[in-house]
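S.K.: Below are the chains, spelled out letter by letter.
2 protein chains.
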Amino acid sequence: MSDYPQKVTFREEGAREGFQSESQIIPTGEKVRLINALSRTGVRLLQVTSFVHPKWVPQMADAEDVVAQIEMGPAVRYFGAYLNEQGLDRAIATGRLKQYGVLTQYCSETYAKKNVNRSNQEIISTFPQLCQRYRKLGLDTYGMIIAAFGSNYDGEVPLSGVLAAVDQFVQTSLDQGVKYERIVLADSFGWANPEQIKRVIGAIRERHPDLYIGLHLHDTRGTGMANFYAALSMGVGYFDTAIGGMGGSPFAKGAAGNIPTEDAAFLCEELGIDTGLDLDMLIECAKMAEAIVGHLLPGKLAHGGSLTGYRKR
Amino acid sequence: MSDYPQKVTFREEGAREGFQSESQIIPTGEKVRLINALSRTGVRLLQVTSFVHPKWVPQMADAEDVVAQIEMGPAVRYFGAYLNEQGLDRAIATGRLKQYGVLTQYCSETYAKKNVNRSNQEIISTFPQLCQRYRKLGLDTYGMIIAAFGSNYDGEVPLSGVLAAVDQFVQTSLDQGVKYERIVLADSFGWANPEQIKRVIGAIRERHPDLYIGLHLHDTRGTGMANFYAALSMGVGYFDTAIGGMGGSPFAKGAAGNIPTEDAAFLCEELGIDTGLDLDMLIECAKMAEAIVGHLLPGKLAHGGSLTGYRKR
Chain X
179 MSDYPQKVTF
189 REEGAREGFQ
199 SESQIIPTGE
209 KVRLINALSR
219 TGVRLLQVTS
229 FVHPKWVPQM
239 ADAEDVVAQI
249 EMGPAVRYFG
259 AYLNEQGLDR
269 AIATGRLKQY
279 GVLTQYCSET
289 YAKKNVNRSN
299 QEIISTFPQL
309 CQRYRKLGLD
319 TYGMIIAAFG
329 SNYDGEVPLS
339 GVLAAVDQFV
349 QTSLDQGVKY
359 ERIVLADSFG
369 WANPEQIKRV
379 IGAIRERHPD
389 LYIGLHLHDT
399 RGTGMANFYA
409 ALSMGVGYFD
419 TAIGGMGGSP
429 FAKGAAGNIP
439 TEDAAFLCEE
449 LGIDTGLDLD
459 MLIECAKMAE
469 AIVGHLLPGK
479 LAHGGSLTGY
489 RKR
Chain Z
179 MSDYPQKVTF
189 REEGAREGFQ
199 SESQIIPTGE
209 KVRLINALSR
219 TGVRLLQVTS
229 FVHPKWVPQM
239 ADAEDVVAQI
249 EMGPAVRYFG
259 AYLNEQGLDR
269 AIATGRLKQY
279 GVLTQYCSET
289 YAKKNVNRSN
299 QEIISTFPQL
309 CQRYRKLGLD
319 TYGMIIAAFG
329 SNYDGEVPLS
339 GVLAAVDQFV
349 QTSLDQGVKY
359 ERIVLADSFG
369 WANPEQIKRV
379 IGAIRERHPD
389 LYIGLHLHDT
399 RGTGMANFYA
409 ALSMGVGYFD
419 TAIGGMGGSP
429 FAKGAAGNIP
439 TEDAAFLCEE
449 LGIDTGLDLD
459 MLIECAKMAE
469 AIVGHLLPGK
479 LAHGGSLTGY
489 RKR
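Chains as they are written, first to last, in my numbering: chain X, 179 to 491; chain Z, 179 to 491.
It is possible that some hints are incorrect.
According to the in silico footprint, chain Z covers these stretches of chain X (three or more CB under 8 Å from chain Z) [unchecked claim]:
no., segment
1, 366-372
2, 441-447
3, 480-487
In silico DMTMM-like pairs for lysine to aspartate or glutamate, Cα to Cα no more than 25 Å straight-line [claimed, not checked]:
no., chain 1, residue 1, chain 2, residue 2
4, Z, Lys376, X, Asp181
5, X, Lys314, X, Asp353
6, X, Lys292, X, Asp240
7, Z, Lys185, X, Glu373
8, Z, Lys376, X, Glu373
9, Z, Lys465, X, Glu468
10, X, Lys185, X, Asp318
No lab work stands behind these hints, which were simulated from the structure alone. Think of the CB as a built atom: it goes at the ideal place given N, C-alpha and C, for glycine as much as any other residue.
Construct the entire structure; sequences and hints are all you get.
M.R.: Right, here's the structure in full:
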């Protein structure tokens, strides 16, 4: 009937990608309050902050404080984002996070320049050194492909461009003896449409049948949930999402937030796909996030309500 | 590869269902300004107001004035909503509208009571008289099934319930010699999920292969665009939408607006489906609608921007 996955894993990014895009500085205690609440929703992967230079992202200047103050739940993996080795050092120095090693590539040269001030080729040339580091530290590693579906800076991304990045990741990991968990394709600029999602995933599967694929979707042009559904129908079982649909990169102008965790989880539950998440607790978190940022967020379920109560009647 | 329709027809409901759900009274001139702008987007079907009693919906008290003041484009069909024969009389009396005859059924008894103070059986018993009237007036006629996918009042709607309503519509039209254009299934409470959309449409097609099916989708729980995409993949080529995603029934608590016209049109264009609509003009209309209602609307494309400019580079 369909190729839906039995189970979907969400990686919650609200506390990082979400808060990061707010212009007003959010108090550390409020960030911690949301993270603690998210810890109780059943989410397994929780990105709590970003170890970037406060000059570039002032909102994340309290990264170490956030990590020090959160109450850690036993079944949750906590980690932070980082853009370079200094960032990784800071994350590890907290002593409380279980970091990932990440090999990030860009399908948009201009965006690479803006984000990390390097060309994609320069980025790739650092992979052997990064892999060595990750191996030494014993980090679980994954690949990330930024702007995999198009970019406001450099336009359309041909299928061959994404496939080249995937091949690069697989080959480097093999060469460097790194055992990777997955590759995540990011629609950083909200260019993807459902057919493109299916085409790209199908093409990757043909070349790398055993590669576990995840998606990082933004709802910049209203296609986020349709893309999510298309990916589910291809069996994709791993997604980066943000509570309430918070987010958008401060460097990707006009980019809307990630698809909302609670809306995505609701759709999964309606399709009979297990998420391990408690919808009512997610709704509480989305409302808390709205209260903290002080404005409405794009997520719908927190306002429409889940169907559990209505079905019980 | 897929069953996408070659062409999708949108029926724009922003000026009716959209404005109707605003608590603050919108000046007639502002409504007219938006309708005039929408007339130039390429939209073919434009619902401009609702002929309901101002006691129940004060926002629509200026229905006749709106109709008198709009500048009518040649390729657009203008019409108003109505809930009973008095409403239809008012619409016809304007002398400027090309009304439809509508046979409306409810898959939620409680919602029928709240909306028109009748049971569904009582509603059906009026069909012969209505059909006679529509025939005499020479109105194009269609069927509408409210709460076809579930209701906050009465819970889930079994497939058999929707099919019975469809059968009733087809049989009545046949008995009464009414030639109908289509049947529209309304997800009035935002209960539908993509699998349900496919199941219901597939089941109707099996029984009535030649029946032209349309959808009226609300994005109450974040599934609106995924449902839209699922319907496209079933070949559905007719949708009620609202510019900016305005709307929500004043009697369906918590209901969010219709899916946004501009986002739905964007998705179609990206999938290679013709809409006849100008995306940039739709974006201007969505921005105008936000300015008129004085708050952000859920539509994304007006903020994310279309891809036309980026692709030209």
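S.K.: Compare the structure with the hints numbered earlier in the document and write down the numbers of the violated ones, lowest to highest.
M.R.: Checked against the structure, no hint fails, so every one of them is satisfied.
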